[in-house]
Each structure stands twice: as structure tokens, then as C-alpha cells.
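> Going down the list, the sequences are from chains U and L. Under our numbering, the residue at position 541 of the first sequence is numbered 733, and the numbers go up by one with no gaps. Under our numbering, the residue at position 28 of the second sequence is numbered 34, and the numbers go up by one with no gaps.
You may find that some hints are simply not true.
To be verified - No farther apart than 25 Å at their CA atoms in a straight line, the calculated lysine to aspartate or glutamate pairs in the DMTMM-like style are these:
id, chain 1, residue 1, chain 2, residue 2
1, U, 911, U, 899
2, L, 250, U, 766
3, U, 194, U, 207
4, U, 671, L, 311
5, U, 216, L, 288
6, U, 947, U, 856
7, U, 380, U, 316
8, U, 716, L, 136
9, L, 170, U, 899
10, U, 716, L, 169
11, U, 620, U, 595
12, U, 667, L, 214
13, U, 765, L, 136
14, U, 939, U, 949
15, U, 428, U, 502
16, L, 170, U, 763
17, U, 798, L, 347
18, U, 621, U, 666
19, L, 197, U, 687
20, U, 667, L, 246
21, U, 685, L, 121
22, U, 301, U, 316
23, L, 197, U, 683
24, L, 304, U, 639
25, L, 197, U, 842
26, U, 216, L, 258
27, U, 716, L, 256
28, U, 671, L, 276
29, U, 254, U, 316
30, L, 199, U, 681
31, U, 301, U, 247
32, U, 596, U, 648
33, L, 170, U, 766
34, U, 428, U, 316
35, U, 542, L, 246
36, U, 216, U, 648
37, U, 542, L, 276
38, L, 287, U, 226
39, L, 250, L, 276
For the record, the hints were derived by calculation from the structure and aren't laboratory data.
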Amino acid sequence: MKFTYNWLKQYVNVDWSPRELADKLTFAGIEVEDVVTVGGGVLQQVVVCQVLSSEKHPNADKLSVCRVNDGKAERQIVCGAKNYKVGDKVPLALPGTTMANGMTIKEAKLRGVESQGMMCSAEELGLPKGEDGLLILPADTRLGITLSEAMGGTDTVFDIEVTPNRPDWLSLIGIAREISALTGNPIKVPAVAVPESGDAVTKHTSVAVEAADLCPRYTARVIRGVKIGPSPAWLKQLLEKVGLRPVNNVVDVTNYVLLECGQPLHAFDYNRLAEHRIVVRRAAKGEKFLAIDGSAHELTSEMLVIADAERAVALAGIMGGKDSEIGDTTTDVLLESAWFLPANVRRTSKRLGLASDASYRFERGADIGSALWASNRAAQLIQQLAGGQVAPGIIDTLAKPVEKRWVRCRYAQVNRLLGIIVPPETVKKIFGGLTLQVVASDAQSCEVEIPTFRVDLEREVDLIEEVCRIHGVEKIPAKMQPSTPAVSEFDAKWDSIARVRQVLTSLGFHEAQNQTLVGDGELKLQNPLSADQQALRHSLAPGLLANLRTNVSRHQYDVKLFEIGRVFAADGKESLHLALAVTGRRQPDAWETAQREAMLDYYDLKGALEDLGEAIGVVIDTAGIRQISPAQAKRFDLRDPAYVAELELEPLLSSARRETTFRELAKFPAVVRDVALVVDENQTHADIVAAIEKARNKTLERVELFDIYRGSSIATGKKSMAYSLTFRAADRTLTDAEVNGAHEQLKRSLVQTLKCEIRES
Amino acid sequence: MTELEQQLQSARAEAERAVAACTDLPSLDQLKARYLGRSGIVPAALEQLGKLPKEEKPRIGKLANEVKNALTAAIEAKREELEAKAASSGPAIDVTLPGRRHHLGHLHPLTQIFERTVVIFRRMGFAVEDGPEVEDEWHCFDALNTPANHPARDMQDTLYIDDKAMPPDPKCGRYLLRTHTSPVQVRTMLKQKPPIRIVAPGRVFRRDELDATHSPTFHQIEGLYVDRNVTVADLKGTVEFFFKQLLSPETEVRFRPHFFPYTEPSFEIDLSTPQFRARGKEWIEIAGCGMVDPNVFKAVGYPDDEYTGWAFGFGIDRLAMVMWSINDIRLFTENDVRFLEQF
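Please model the complete structure; the sequences and the hints are all you need to start from.
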């Protein structure tokens, strides 16, 4: 919401500068988003002039030569604009004026013709851009005054953000009340006196509320014989400063009063209401409604409308109807000031996607107690600005007086929550300043009456918040309580995940994080923003592949990434995954060619998972590692082979080793023998290891592959696999004879099992 | 001087010259054998000691030992010199060549802030907690004093899960992507009684288009402390300690009254650090906090007036952007290695 400094001062004395005010409001909980000075700078130098004549420039087709009156003298101005006519009043920058863009105006010859100043557009003055050409001022603007004066003087516009619990701050009087609470300066609510004449309002109209549950209060006034026209300059300028578009005197008054006291009002063209009466009812299912903003809606029976004898003329609390709006031909006005149930206004507004300054306030909670004041205030101003007669009386459907509410505040609770002792006298003074009248008081507590505009105050804790806010949170000391350490089951998991991350970074993988929302997933969203974010990821690999693409496309060809994140199954089940992806070279910055050119491959990824498994004490299933197919690599614009692996992380963490067991170191020496087997290409390392295991030699401690050879001495379709075999006994030193025997026996067994040849070196 | 003495002296001088001139290990071994070996010159001289007159024995014996020790030392010194020379054969080391690096990977910057935050809170005795990313309306809103049709729900535009895939729960309502980490508070309080001291890092979601300053996926960390007599003073103390630890001891922290449905009173937290001020920003709004609203205690079944507590939370992405002057939130999910390597 926007308001201006000068306007606010009509309701309370403000002892602070605009900058100080912004700070004070911020620390009272009203966040000030923006503070802008208007009517200052160049506007205080530029004057109002009138165009007396305009001739074509003798030497330039696009320019004119004007005579203008600047209020003191006549001047000659060369001008390029086309949108003015003789007699118009426009801003004139006299020689010596420095414009918003820093340019200083001088007397000069333009194409040989003397120009004694410059007539200005809105943009040249730093004002919001209007129509092309000069800024045309209202015809009644006085000649010779500064533009600042013509626009209502300098002022400061505040843009504030009000939290949803404080609808009372959505008005000038509400903010004035806050300043009053902070300073003790009294609040100045304008006195309202409505001159009434003619027949009583009940002769002109009636109000039937058929849905009192949604509308406990509806008030109506009638003003007859108004003359619709533009509002006076002060009102138009004020509305423009706070970002509203002036419409006409009657509508502008309703907006002005809304901003003044927070109560939304609506003015109907009385003569367009069938039978001149108001019915507040639920809409018929499928009922059509055309709003003032031109949008057409089909209503449901849960929505509340203001109707005349025939049709809906307004969507309650949200927007009036096109058919009954105030227009140039309006002569009689029915003025609504009502209170609607916040939840219902919000539901309807959300459902229809239709919101307004009125609905914004009603859905947060307007002040049911201010409906009459607002109606009278508006009637008075309409009568002043648009003339007419205000019919005596006001229709008010409020069945019984608004129930009074009281809330008790125990001083001990203030201390218990804030951690400081606020003396009872201070607490009561704070309440008094906020117009929360203390109705009962004893040594331990006091009870206050809650004004109708404070819809947020319901409980003791709400009052304690007010004490904290006005007393000042900065007065509460910062301290810490000693406390016993907490434990949670998740702690161990957090540590395990951290360990996984640490191991993988040690292995040279960077940690990536990708979006959860993707185009293609098993679990879809109900209300996605776009097709490429319509589902929850069911796998991490596509994200990492996209990251490889991003890097490769930026000529970073050597990439090792991992990600730990949650993925989602079709039924919503979440699981924690780990994925890895690699492409490019293994040691891109090595300075020996062979090393530098070696490419990452399947075994790098497998080795990383094996290292990780060793670090966290589990055997990781590496079956999920795959090479990206050439077709897929092409789709992802990859240059080099790429490999990905993805696995469920949680089972690994829960089965991870918690205890370490120690085995004694071998006391007796080991003997190492080699064996090289020439096997078929399709025979695997695992086949060979299995065959070795099968031979079950008790003294064989370790088997290690140390060479794979394919070449001239090996037949095509075969390969040589060389293993180093470590023999050791736990209780004695093995003799050469023993080892040789075991070695020979093993070789025979392998030849038999694998149908292979032994390659003798 | 006896003949033996002369013999020993000249053998020593000769051997020392030979060792000094020696250039390879085999010749050194030969020299060693010749002078000190089983039948070498020095042992042979020693054997003759027995035949000497009694009064000469100690003097010549001493000399023989001196010669033996001196030659042994000279030969061993030469051996070390020759071995070192042999080892350094091949091209000379260029100490300016880059070392053979293994290049450690880098943790994602957001993870780094998460980990640092967790470390600081653990030092204060907090445990880490976790909750699902797919939540329901009750845990995400209702239990946190944010009823349906309350404007406070507008503060967070929510992404809902397809209700055919996950039909709404009769008690907990529609399923959604959590808009904040605060449901972890609710889940923790439901499963245990105070004292509760937890910190909950996690990923959260809002219905925002991805652009330089918005992402539908972002991250928060949440702290919750519930016990008897927990106060705003404790909240201030903890938050100040935390940010001073995380950023720098010169960090200034200020609290501004604000509104959150699940805390009362509520505050926003602004930070000022020399680093921010150097960039022309006096105060940066970074976090929200407050005293747990009694309606939240009611929702989790805690008795009235028994406990008080504070909750505190902030956005990790925003903090990272402020800390490191990162101007585009999309960098966090692009995973360009040139970005990741900087953290």
C-alpha cells in the first residue's frame, strides 16, 4: 500500500523526517519497501506556461515556433512536439534549468531561430511516461507557478508491505494510530457531518440480506442529483501519487475513503438498480456476472453477490458490475458500506482469479465497526465534490451491536515468553497507546477491550506480541540457556551422507545439485507452471547428463560429477539416490602425453564405487554402471564417451559398517608365484577367480590380476590373463617345495576347469 | 715407530686416497675387501699384534683400531655418496613443474552452508532432523496455524501433487511439495516430548518460474527449541551466536517485528557485516523467527501453558547469493565445473 507523508500528517502529528518515519515504521513491523520524493527536483524549477501561437519553423519541417506566456512575459520557443494546440498549458523549462537527465537548458538558436527555453514532456521531467509529446496540464492551472506547486507541492510517497495479520494498517488512520502508540501524539480523525435533505433513505431503497452468515452488516445511503465530473486537482493528485487512476468525483471519493479508513465502499448508479433495491444473496449456480474491469464470470452457489431485484450487480466485497457502475450520466448514487466474511471473499476471489483493493482488505478482515463512519464520510465528500442531496438516514442491517471482546494479559506470561520483566505500568501504558482500553486490572494481570479494527488480537500471546513490539525487541538481551545435547535417529544418517560426499570429493568428483521438478517423471503435479516442470524426478541420472552437456557445450570436456538427492516413485514414495557421471580425460592436466590423453572409462566409475564401498564398509553393487549409448551421447551433445551410475543410497547407509574388527598381522612370510592363462575372449575375470577358488588351496592367501595381454604371441580371439598368487601359512614358513606343489596343482586344476592354456614366460 | 706402525699409517693414507678417487660401487667394494676384508691389510696387521712386545701392544692396538674405524667411515661415506648419485641418475628434477595432482572434487556451495550450519548448531547441542519433501496440507499448513482460506497461505504459492496419483488423505488433506522446512517441526513434536533442540536442513518448493532470482526448488534450514521457559532472549542469543559463527564475529544482527502464522511474536532478522557494508548494503534481510505459536503446540497435542519455544529459519540459496555475491540463482543447478570449483 502507498500513502504520502503530508497526507498522513492530517491524521497525527509526525515529529520525524520521512527517513526517520520509514525506520520507525519498519521497527514497528510495517515494512517500508520504498520511499520516493515527488514534486521535487526539476519540478520546482519548471513553470507553467500557455501557448499563445504556433507557426511552422521556416527552416525545419518537424519543428514549430511558438509564442508562450510564462506568467511574467512572452517568450519564443522552438518545439518539436505535435500534440498540443494553441491555448494549452504546458511545462516550460527556462534557461538555466537542469533537467532530470542532467542537461541544462540555454537560450539557443535552433535552425536559425531563437528559442528561449524548452517545453517539456512528462518523461523529460522524470514523471511516468504519458502520451507522446508535451505534458498537457489542466486548463485551470495557474500560469507562472512551478510545476511542483501545480501538482500539489512536494511530498514523500511511502510504499509499505503490510503482513496479513494487520489489515488495520491498510489505511492512513491505521498507520496514524500506530504512530500515536509510538509517540503519544493524539490521533486526529476527521469530524464527519452529513448535510441531509429530502425524503428518507427508506423511501428510496431497501436492503434484504438473504445470507446473513456471509454478510452480517450491509449499510446503504442514497445521494440524489449528483453531477459526475472530474475530481478537483488535490484529490486527483493525491490518488495519482499513491498509484490509483482518478476516475470521477464519486468513484474517487470511495477510493479516497477506502485509503483513509480501510473500509471498502462501492457506489452504484441508483437508477440502474432494478426496483432500486438491494438483495444480498448467494449467486445462483451458473449465474453470469460482468465485472467493472470487463471480465465475465460464471458464478457458483457458494459465492455471495449484491443483487438488485433481478440480477447480480456486484460480487460481494470484490468488484462491482459493469451494468451499474457510476458513469457520466449518473445522477443518483447508492453507496454501499458493508462487512463480508473474510474466508468467503477469499475463496471467491481465488476461484475467479479476481482481486481488488476491496477484496484484499475484506479477506484479511475489515473493521466491522467503521462501516457507518466510512459511509458518512464518503457521503459528505460526494456531496461536497459532486453536489446533490444526501437522503436522510442510513440503512444498516447489523442485527445487534458488534460483540465486545476482552483479553487478559498476565504479567508473568510476558516475562515467561520475552525473558525480561516489563513493569505492569509499562504494559498498561502500551495497551493504552494502542487504544486497547484496560477494563480490569489486578497485581498479576490486566484485561483489555479489543477494538473492532484489531482483528488479530484474540489471545494473551497476541497481547504479549504487542508489548514486545512497542516496548522494543532491541531491549531484550541476547542470552543462551545451557541445555543437554539432543539426539535424533537422523543424526547418524546425516553423518553417513556427509561421509559419502567427502569420499566422492576426495576421488575428484564435484557435487552437483539439480532441480527436483522435471518434464518427465512418474509422479505428476496438479498445478505445474510449465510442461518442463510438471513432474518430480524419478532418477538423478538425466540431471547429471544435462550437466555434462552444459559443461561440454562450454568446452569443458573433462567432468566428474555426483549428486545425492531424493527421487519419487509414482505413488509418492521418496528415496535417496546417489548418482555419478563422468566424461572426458582421467588426468587432463598431466604433462606426460600418455597420461594426459587417457580417457575415463567404465573402470574409473567402478573403481570409485569400490573405493566408496570400502570407505563406508559395504559392498556396493556396481551392476548399474552404464556407458551412455552413442545415440544418447549425440542427443546430449557429448564429445567423448560418458558413463553414469545410479543407486539407492539409503540401504547402503543402513547396512554400513558400524564396528571395526581387528585381525592379527601374519607372522610368517608369504611366497608369491605368477600364473598367466590364455583364455577365450569371452571368459571373464570372475570365471577365472571362481576357478581358482574352486581349487581350494588352503595356503593361497591372495589373487591379484596384474596383466591382460592381447597380441602377436596370442591367438586371435584369445587373451592372456596374468595373476599374482600369494601363498602363506598362518603357523609356519612355507617351503619352496610346498609352494611349488600348490602352484603346480592349481595350474592343473585351472587347465581342467577353464580349458585354458598356461602361458609360460 | 715400529715397522707395523709404519705399515698401518701408510695403508691408511693409501686407502684414503683410493676411496676418495673411487667413482663406482664395485670398486668401492673391492677397496673395502682389500683393506678391511677378512684377509685385508688392516685385519692382517691386527693379527700381528699378538707377536708384539707387551709394552707396545696397547699403543699399536689403539692405532690399528683408529685406522679401521677411519677407513670404515670413509668407505661408508663414499658409499652413500655413490648410491645417492646412482639414484639421481636420469634427467634432473625441475622443481617448477606442476606436481602430479589428484584434484579433489568440491562440495556444492549450498551443501557447504548446510554443513557449516549443522556443525554450529551441533556445537550448541542441537540434533539434525529430517522430513519428507512430499508433504500434506495438515503438516505444511494447518498444524502450523495456517488454515485454508487464510491470506497467510498466499505467502507461499504451493505446488500440489496430482490427486489421482496421491489421493488426499482424509485427515491430512492434499499432498504437496513442502513450501518450507517447518513441517519437520511438527513431525518432531508429534514423535517426542520436550526438550526438543533440532536443526532441519532441506529442500523446499514454491510455484515460481525459474529466473535469475527465483527457483521452484530452493533450500532452507530450520531450528527449533522447545522446553520450559524458553524465551525471546534465548532466541536472540542463539541466532546471534549462530550468524557470528557462520559469517564473522563482526556480524551485527537485528530483529524486526514481523508476522508468521506459526510464531507469535514473530521477527525478521537483518544482518550487517563489514563484507556487506563494503558492497554498499547496510542491512540484509536474511531470516525469520519467533516464539512457537500456542496453536502449533495445540496441534501437536502439547498441554496449554506448559512449554514455550522458538523457531528460526532461513533460505540457504539467498544467503549463499549474498555471501558470495552470486547474481543468478540458476548457477546453483547448472553445475558448471567452473562454478563448483570456486567453493
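> Indicate, hint by hint, whether the structure satisfies it.
Structure-based check of each hint:
Our distance criterion of 25 Å between C-alpha atoms is met by residue 911 of chain U and residue 899 of chain U, whose separation comes to about 10 Å. Proposed proximity of residue 250 of chain L and residue 766 of chain U is contradicted: the alpha carbons are some 36 Å apart, above 25 Å. With a C-alpha separation of about 20 Å, the suggested pair residue 194 of chain U and residue 207 of chain U falls inside the 25 Å cut-off, and the hint holds. The hinted pair formed by residue 671 of chain U and residue 311 of chain L meets the criterion: a straight-line CA distance of about 22 Å does not exceed 25 Å.
Restraint check for residue 216 of chain U and residue 288 of chain L: satisfied, since their Cα atoms lie roughly 17 Å apart, inside the 25 Å limit. Taking the CA atoms of residue 947 of chain U and residue 856 of chain U, the gap is about 38 Å. The hint is violated against a cut of 25 Å. Between residue 380 of chain U and residue 316 of chain U, the direct Cα distance comes to roughly 39 Å. Violation of the 25 Å bound is thereby established for this hinted pair. Simply put, residue 716 of chain U and residue 136 of chain L have alpha-carbon atoms about 23 Å apart, close enough for the 25 Å limit, and the pair holds.
Proximity of residue 170 of chain L to residue 899 of chain U is assessed by CA-CA distance (about 57 Å); at most 25 Å being required, the pair is judged violated. For the proposed pair residue 716 of chain U and residue 169 of chain L, the alpha carbon gap of about 9 Å is at most 25 Å, so the pair holds. A distance of roughly 23 Å separates the Cα atoms of residue 620 of chain U and residue 595 of chain U; the hinted pair therefore holds under the 25 Å criterion. For the hint linking residue 667 of chain U to residue 214 of chain L, the alpha-carbon distance of about 38 Å lies beyond 25 Å, and the restraint is violated.
A C-alpha spacing of about 15 Å is found between residue 765 of chain U and residue 136 of chain L, which places the hinted pair at or below 25 Å, so the restraint holds. Our distance criterion of 25 Å between C-alpha atoms is met by residue 939 of chain U and residue 949 of chain U, whose separation comes to about 9 Å. As the CA atoms of residue 428 of chain U and residue 502 of chain U are separated by approximately 35 Å, the hinted pair breaks the 25 Å bound. Pair hint residue 170 of chain L plus residue 763 of chain U holds up; C-alpha atoms about 10 Å apart against a cutoff of 25 Å.
For the hint pairing residue 798 of chain U with residue 347 of chain L, the CA-to-CA distance comes to about 24 Å; that is within 25 Å, so the pair holds. Note on residue 621 of chain U and residue 666 of chain U: the hinted pairing holds, with a Cα-Cα distance of about 19 Å set against a maximum of 25 Å. For the proposed pair residue 197 of chain L and residue 687 of chain U, the alpha carbon gap of about 22 Å is at most 25 Å, so the pair holds. At roughly 15 Å between alpha-carbon atoms, residue 667 of chain U and residue 246 of chain L fall within 25 Å of each other, so this suggested pair holds.
In summary, the hint linking residue 685 of chain U to residue 121 of chain L is supported, as the alpha carbons are separated by about 13 Å, within the 25 Å threshold. About 20 Å separates the Cα atoms of residue 301 of chain U and residue 316 of chain U, which keeps this hinted pair within 25 Å; it holds. In summary, the hint linking residue 197 of chain L to residue 683 of chain U is supported, as the alpha carbons are separated by about 16 Å, within the 25 Å threshold. The straight-line distance between the Cα atoms of residue 304 of chain L and residue 639 of chain U is roughly 23 Å, inside the 25 Å bound, and the hint therefore holds.
Taking the CA atoms of residue 197 of chain L and residue 842 of chain U, the gap is about 22 Å. The hint holds against a cut of 25 Å. Straight-line distance between C-alpha atoms of residue 216 of chain U and residue 258 of chain L comes to about 19 Å, which keeps the hinted pair within the 25 Å bound. Note on residue 716 of chain U and residue 256 of chain L: the hinted pairing is violated, with a Cα-Cα distance of about 47 Å set against a maximum of 25 Å. Proposed proximity of residue 671 of chain U and residue 276 of chain L is supported: the alpha carbons are some 18 Å apart, at most 25 Å.
The straight-line distance between the Cα atoms of residue 254 of chain U and residue 316 of chain U is roughly 19 Å, inside the 25 Å bound, and the hint therefore holds. A distance of roughly 15 Å separates the Cα atoms of residue 199 of chain L and residue 681 of chain U; the hinted pair therefore holds under the 25 Å criterion. For the hint pairing residue 301 of chain U with residue 247 of chain U, the CA-to-CA distance comes to about 16 Å; that is within 25 Å, so the pair holds. As the CA atoms of residue 596 of chain U and residue 648 of chain U are separated by approximately 14 Å, the hinted pair is consistent with the 25 Å bound.
Under the criterion of a C-alpha separation no larger than 25 Å, the hint pairing residue 170 of chain L with residue 766 of chain U is consistent with the structure, at around 17 Å. Straight-line distance between C-alpha atoms of residue 428 of chain U and residue 316 of chain U comes to about 22 Å, which keeps the hinted pair within the 25 Å bound. Proximity of residue 542 of chain U to residue 246 of chain L is assessed by CA-CA distance (about 40 Å); at most 25 Å being required, the pair is judged violated. Restraint check: the Cα-Cα separation between residue 216 of chain U and residue 648 of chain U comes to about 21 Å, which is no more than 25 Å; the hinted pair holds.
A C-alpha spacing of about 33 Å is found between residue 542 of chain U and residue 276 of chain L, which places the hinted pair above 25 Å, so the restraint is violated. Between residue 287 of chain L and residue 226 of chain U the CA atoms are separated by roughly 15 Å; this keeps the pair inside 25 Å, and the hint holds. As the CA atoms of residue 250 of chain L and residue 276 of chain L are separated by approximately 13 Å, the hinted pair is consistent with the 25 Å bound.
When each numbered hint is compared with the structure, violations occur for hints 2, 6, 7, 9, 12, 15, 27, 35, 37.
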